[in-house]
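Trainee: Sequence:
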Amino acid sequence: MSVASVIIVACIVVLGYTWIGYPPMLALCARLFGRRSPTSDRRPSTADLPHIDVILSAYNEAPVIRDRLSNLVSLDYPSDRLAIHVGTDGCTDNTASIVREFNAGPVSLHLHEFPDNRGKPAVLKDLVEAATQAGAGGFPPASNSMAPASFFVFTDANTYYAPDALQQLVQPFSDPEVGGVCGRVILHGRNRAAQSEGVDPAPEASYWGFETRLKMWESSLDSCLGANGPIYAIRPECFWKDLPGNTVVDDLVIAMRVRELGKRVLFEPKAVSTEELPETKDEWCRRVRIGSGDYQAISFCRRSLLPSQGWFAWAFWSHKVLRWFTPHLMFLAAISAAIGSSLALLTGASAFLSHLVSVGTVVALLLWAMARALVFLRPPLALRSPEGEAGTSDYRLPAIAAPLRLLDHFLTMQLALFCGFIRFCSGELKGSWRRTPR
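Adding 1 to a residue's 1-based position in the sequence shown gives its number in my numbering.
A few of these clues could be false.
[Stated by the list, open to error] Label-pair distances were calculated between CB atoms; the ranges are:
| hint | residue 1 | residue 2 | range |
| --- | --- | --- | --- |
| 1 | VAL364 | GLY263 | 47 to 53 Å |
| 2 | PRO64 | PHE353 | 55 to 61 Å |
| 3 | GLY263 | GLU429 | 31 to 37 Å |
| 4 | LEU262 | ARG67 | 51 to 57 Å |
| 5 | PRO270 | LYS242 | 25 to 31 Å |
| 6 | PHE211 | ILE336 | 24 to 30 Å |
| 7 | ASP176 | THR213 | 20 to 26 Å |
| 8 | PHE332 | SER175 | 46 to 52 Å |
| 9 | TRP312 | SER175 | 37 to 43 Å |
Keep in mind the hints are simulated off the structure, nothing from the lab.
Glycine residues also receive a C-beta, built at the ideal position from the N, C-alpha and C atoms.
Whenever a hint applies, use it, and build me the whole structure from the sequences.
Mentor: Written out as structure tokens, the structure reads:
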């Protein structure tokens, strides 16, 4: 077997393992060795509910911040045990004034205005410090040693909690081994006008559902790999106070550090948050940015790669690290195939595998180009949906387009990840960023 063939086989084996082999292996291990969640269907009494400090970093969130605050204060949670801390990160709109004028009723609402755009990690650290100094629930620390513990709940401005989300989120903390809890995020489509522009969120939703299952199994086996940024909670003592200011994927790093402290991060599917699906045309920069942060997270969380971390290390390698190097392996396999095919044509040697991969690469690129064309030409090519309302542009693509959209989503993700790797290598990582349009 030639060197090119060996490289190709190695790349295919690794890619096949991380994308195809790992999920069923994880599901089986979770079924055989997983631990039950400490949650129960019993509704806790008000006296048992802990104090919660909601931590929210906002940058130019004027279009959504009022609705977000309304959602938080309307949750089924005692108002005397709930405090909301909003930090404005150098906003150039009227986000701060909206928060300042908002009537939170009996809920304690704190506005922390920061004039400079320093990035989310810096704001989170300042908000956590402010909440800690204020005491549990935003009030002076209780003198009663039997008072319920306090927890930090981290969230975003463009998400909405189910009425019982906070109650469900804090229930697993009854287990002292639990240092963090990650809630479930449900993505929903945007308006029909956005869909008629050629933006189809279905692949993103399918991928997110796949990730949710992995998170559930990993939680059962050991601990979640990171958290869902819109809804997760941690014990105050588990927060990484030295979180670097240039951290990109803060929700991943914060949760990983909780596990490195010896605590588990559980996934609680009953703690539900809903959020709009991102539009691909708006999300490219965000995906590149997150991609750069993924490689940064490897250096921040390198202890989690050690065999001494057991199941958690296996999951980190299989679910995250190897997957983050998918574009590199795909590129290496394609280049090796091209070289192997070229040498075979020059020498007359047999190189079936190289030829097969070379042809497969060309076919995949052609299909990707077709998928891109469907996105840009969607309205003219789509069929009018019979469910469409009068005066609306409601289109649906032919069924043949579904696999093309999945291919487009996958390859676009890999390209963004590779661009993120280049950015990471250049050292141009900042905690601040421009959010996608709301």
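Trainee: With reference to the structure, classify each hint as holding or not holding.
Mentor: The hints, checked one at a time:
1. At roughly 49 Å, the beta-carbon separation of VAL364 and GLY263 lies within the given 47 to 53 Å, and the hint holds.
2. The given range of 55 to 61 Å is respected by PRO64 and PHE353, whose C-beta atoms sit roughly 56 Å from each other.
3. As the Cβ distance of GLY263 to GLU429 is approximately 34 Å, the hint placing it in 31 to 37 Å holds.
4. The hinted range of 51 to 57 Å is not satisfied by LEU262 and ARG67, whose Cβ atoms lie roughly 37 Å apart.
5. Between PRO270 and LYS242 the beta carbon distance is about 30 Å. The supplied range of 25 to 31 Å therefore holds.
6. For PHE211 paired with ILE336, a C-beta distance near 29 Å keeps the hint of 24 to 30 Å intact.
7. For the pair ASP176 and THR213, the supplied restraint of 20 to 26 Å holds, since their beta-carbon distance comes to about 22 Å.
8. About 48 Å separates the C-beta atoms of PHE332 and SER175, a value consistent with the hinted range of 46 to 52 Å.
9. For TRP312 and SER175, the Cβ-Cβ distance of about 22 Å falls outside the hinted range of 37 to 43 Å, so the restraint is violated.
Violated hints for the displayed structure, listed by number in ascending order: 4 and 9.
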